[in-house]
Amino acid sequence: MNIFPLIGIGISTLNSKREKLDVRYHIILTKDHEILNTQKIKLPEFEKLEDIVNETDEDDQLKEELSKLLSLKEGQKLIIYKIGKDDNVSDICEAYLKLYLLSLRICEPNSLDLTNIFTVLPNVAWTNQGPVDVDEIDLFRSKNGEVSVRSVDKFPCMTDYVIPSGVRIADASRVRLGAYLSEGTTVMHEGFVNFNAGTLGAAMIEGRISAGVVVGKNSDLGGGCSTMGTLSGGNDVKISIGEDCLLGANSGLGIPLGDRCIIEAGLYLTGGSKVEVLDSKNTITEVVKASTLSNQNDLLFIRNSITGSIQCKPNLKSVVLNETLHKND
Amino acid sequence: MNIFPLIGIGISTLNSKREKLDVRYHIILTKDHEILNTQKIKLPEFEKLEDIVNETDEDDQLKEELSKLLSLKEGQKLIIYKIGKDDNVSDICEAYLKLYLLSLRICEPNSLDLTNIFTVLPNVAWTNQGPVDVDEIDLFRSKNGEVSVRSVDKFPCMTDYVIPSGVRIADASRVRLGAYLSEGTTVMHEGFVNFNAGTLGAAMIEGRISAGVVVGKNSDLGGGCSTMGTLSGGNDVKISIGEDCLLGANSGLGIPLGDRCIIEAGLYLTGGSKVEVLDSKNTITEVVKASTLSNQNDLLFIRNSITGSIQCKPNLKSVVLNETLHKND
Amino acid sequence: MNIFPLIGIGISTLNSKREKLDVRYHIILTKDHEILNTQKIKLPEFEKLEDIVNETDEDDQLKEELSKLLSLKEGQKLIIYKIGKDDNVSDICEAYLKLYLLSLRICEPNSLDLTNIFTVLPNVAWTNQGPVDVDEIDLFRSKNGEVSVRSVDKFPCMTDYVIPSGVRIADASRVRLGAYLSEGTTVMHEGFVNFNAGTLGAAMIEGRISAGVVVGKNSDLGGGCSTMGTLSGGNDVKISIGEDCLLGANSGLGIPLGDRCIIEAGLYLTGGSKVEVLDSKNTITEVVKASTLSNQNDLLFIRNSITGSIQCKPNLKSVVLNETLHKND
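Protein chains in written order, with our numbering: chain A, -6 to 322; chain B, -6 to 322; chain C, -6 to 322.
Please note that a few of the clues may not be correct.
It does not matter which identical chain is used: a pair holds within one copy or between any two.
[Said to hold, decoys possible] 16 Å max Cα-Cα, derived EDC-like pairs, lysine to aspartate or glutamate:
| # | residue 1 | residue 2 |
| --- | --- | --- |
| 1 | Lys33 | Asp128 |
| 2 | Lys35 | Asp79 |
| 3 | Lys75 | Glu48 |
| 4 | Lys33 | Asp131 |
| 5 | Lys210 | Glu67 |
| 6 | Lys10 | Glu129 |
| 7 | Lys33 | Glu129 |
| 8 | Lys282 | Glu269 |
| 9 | Lys75 | Glu43 |
| 10 | Lys56 | Glu40 |
| 11 | Lys136 | Asp52 |
| 12 | Lys306 | Asp272 |
| 13 | Lys267 | Glu40 |
| 14 | Lys66 | Glu139 |
| 15 | Lys35 | Asp25 |
| 16 | Lys231 | Asp272 |
| 17 | Lys56 | Glu43 |
| 18 | Lys10 | Glu58 |
Treat the hints as calculated values from the structure; they're not laboratory data.
Bear in mind the structure is a predicted one, so any value in this text is a computation, not a measurement.
Could you build the full structure based on these sequences and the hints that come with them?
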């Protein structure tokens, strides 16, 4: 799917040096399609907007109109930003536009070039009164009274910018803008979803989805379970989880998993773990590195509680998500 | 204990379609007793109120008075709600009233009929400006300026509705309304308590108490420990923890535990785990499924760090909570 | 380093009985040095201030000036507090001043006398409208409208009082005032740092740093990993982590660790764990208690996935933090 070129229109909050802290997009549109229009604003044609971005047309009147429609305030700046094609992230406007595309479910995780995103995003104090420059927080507080700081980070919480339909997110602090949550996904209090990561269908998430990790539909990540990321900790392989899988509570996963697989509660399976492979009669047929079992279907991983060895058996159970729990209307 | 019938009086926040998003109860009373009266409001008799609920008496004057006393605002609705007897949850007013009864410590977990509670509760965006309809958040923001979304969930945080006496809750996002926390309970940052779950005495909670799980007095749930719930993940048995127990950090529990039991840090004990039972001389006497040890007292569960087997020994140590830490005044 | 005597000037929020709920220090100074001056206020000499503290000089004019400069409001009190020498914490003003010294990186963890700090700190409801007496929250809400309670605790979130330079804290609820975070530290959503604990150099923290625990530079605490504290759970030994260490995700640590050590993901190493020690040829040379390996360098701890035994090998890998991730500007 090639969504580009596209244009985003929004508002950036500035620090006292007029540097951008964030961008809140209200409108995103391609040539043929409105992807986002939070306030149902009547818009000029794409080409017209493109001309403005390319400065072939200095349409100050349009800008003024948009500023009014979006209620631009003191300390804010109107943003009209075009991404021509998918390339390294060049500035904060592009970073936010791509994070929006992910959280609006326009682009799936790992489908966009996010190189340099950590470099272009400033570290911001996210407060109940909006984004504040970290170095200006004392000043801001003295002017604005009580300020509750929720996070000091390069990425904001997704729900302060995008709330996708049909999802529950019990603790909004734990889902970054740029997470991709499919309809029917519940992220419980212990769940976490990084940017450029998420669920490809309805799923119950009580564990941590690291950057780059995707979870298939009807899968269940138990409380406190871990998926190895590639950003930190030395893992190279991109982890994914197929459909109808269950990662038990406090378990961990260091290989990509096929469909209908189960990791027993409390078991951490790394790629280098040696695993006894058992057949359906419970006979050990071979001992292999876990990484050789990557992407295979219908596997059950346990630690034998008598011998202490990690074992892999054919998985005969099927995982069924609790339907009531997953009604997010 | 049969607390019913009872009547709750409160305020509901409405969305733009005049649908209820929550109910904040200010007054709860039975025939003989005031359970809650946040503002010490002078009230008419129960019978009088009952008449109003049953619409035998259309006392518009009383309603107006109550609306004034409770500072009813635009976009809110006065609620006078009676529960005659404990039955399936029929609507949002009943759901909130029962969640209040739990968090106010009037009814213990598992003592109320909560059937249908997921169905009657709407999914709500919980913000620093109150509950907002998920579909109306953009509109709300454009009218009300900065809005920080804390959670998108069917249940609100308990502390935004009820703060029981003598408890500490380090991260309020992690305790749902409907949690039952006894005096002297501390829920640390990594702790979590679901609705219809909690502590029956002073306790230190740094792990997760799933729906339906109760913890006895003087027990300590270590950081990140897991108790298996029955809502998700396929467990059928209701887990409970006796008195003077210790679940070590990052451990997990899949059986109900008696008094004075210890689960070693990092060990996940599921009902199906085979366990070597040792006597006081450290001799293995039998191998059993963990579930057969349910509800027994004075057990210590470890994973032998040389053989890798899960073992159960008589527990001779007693757990003592740190008294200073537990002074919550 | 002896920083005392020093004086702190700030503002305390009071409850309706005029009892102090917190202290926000705006100025901290020693005889020779300004440690903190949030608003670049021109100050009188230390001796002059000391006279006021000691009440040899009742300089009401100065107090009035300071009250004005710090925008003292109804329900607040000006605090001028001196700590002569480091001793038991005698009241809330001293408690906050010491917590500031830690979070401002003036004093390292375990270098201050914090005895009695739990006793002198009141339990407070921390809201988006500031600290509120737990018993007065209903009253406060009826006067002030929507109040979002973030925490009910003796300690506030650090970032509501101090944001040290060059750090990221993805979920501010999880770092208490009194945490010591060195430049270049990132605390991810699953990270946690208690008071009197922290990092002595740039570090990636996705696990829990208990009170009293310190982490050396370039170390990486994986998601959900646990460090045993001494406040709760029965551990006596103060845990520390050297430089260039890696605690894997969901691992746990019950001994002090030297430099360049690795704990495998999912392994909980307690002091009492028996450990097979292997040489560089993978031969078991001895079996020891983990505590005997305390503070040694270049160790790799794993659980053998076939035998189930905990093993310690020479660590030949070096841990390299992801540089981009650690740029916190």
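Hints versus structure:
For the homomeric pair Lys33 and Asp128, the shortest alpha-carbon distance between copies (14 Å) is at most 16 Å, but the shortest distance inside one copy (36 Å) is not. With identical chains, the CA atoms of Lys35 and Asp79 are never at most 16 Å apart, being 27 Å at best within one copy and 52 Å at best between copies. In the homo-oligomer, the alpha carbons of Lys75 and Glu48 lie at most 16 Å apart inside one protomer (12 Å), although the nearest pairing across protomers, at 61 Å, exceeds that limit. In the homo-oligomer, the alpha carbons of Lys33 and Asp131 lie at most 16 Å apart only across protomers (11 Å), although the nearest pairing inside one protomer, at 37 Å, exceeds that limit.
In this assembly of identical chains, Lys210 and Glu67 lie within 16 Å of each other by CA distance neither inside one copy nor across copies; the values are 44 Å within and 42 Å between. In this homomeric assembly, Lys10 and Glu129 come within 16 Å of each other (Cα to Cα) only inside a single copy, at 10 Å, whereas the closest approach across copies is 34 Å. When the C-alpha separation of Lys33 and Glu129 is checked against a cutoff of 16 Å, the pair qualifies only between copies, where the shortest distance is 13 Å, while the shortest distance within a copy is 35 Å. Taking identical chains as interchangeable, the C-alpha atoms of Lys282 and Glu269 lie at most 16 Å apart only when both belong to the same chain, with a minimum of 9 Å there against 22 Å between chains.
Taking identical chains as interchangeable, the C-alpha atoms of Lys75 and Glu43 lie at most 16 Å apart only when both belong to the same chain, with a minimum of 7 Å there against 60 Å between chains. For the homomeric pair Lys56 and Glu40, the shortest alpha-carbon distance inside one copy (15 Å) is at most 16 Å, but the shortest distance between copies (58 Å) is not. Taking the closest pair of Cα atoms, Lys136 and Asp52 never come within 16 Å of each other, the shortest separation being 35 Å inside a single copy and 27 Å across copies. For the identical chains of this complex, Lys306 and Asp272 are intra-copy neighbours only, at 6 Å inside a copy versus 32 Å across copies, given an alpha-carbon limit of 16 Å.
Proximity of Lys267 to Glu40 under the C-alpha cut-off of 16 Å is found in neither arrangement, the shortest distances being 58 Å within a copy and 69 Å between copies. Proximity of Lys66 and Glu139 under a CA criterion of 16 Å is satisfied inter-copy only: 12 Å between copies versus 20 Å inside one chain copy. Proximity of Lys35 to Asp25 under the C-alpha cut-off of 16 Å is restricted to the intra-copy arrangement: shortest distance 15 Å within a copy versus 60 Å between copies. With identical chains, the CA atoms of Lys231 and Asp272 are never at most 16 Å apart, being 28 Å at best within one copy and 32 Å at best between copies.
In this homomeric assembly, Lys56 and Glu43 come within 16 Å of each other (Cα to Cα) only inside a single copy, at 13 Å, whereas the closest approach across copies is 58 Å. In this homomeric assembly, Lys10 and Glu58 never come within 16 Å of each other (Cα to Cα): the closest approach is 25 Å inside a single copy and 30 Å across copies.
Hints 2, 5, 11, 13, 16 and 18 from the list above are not met by this structure, while the remaining hints are.
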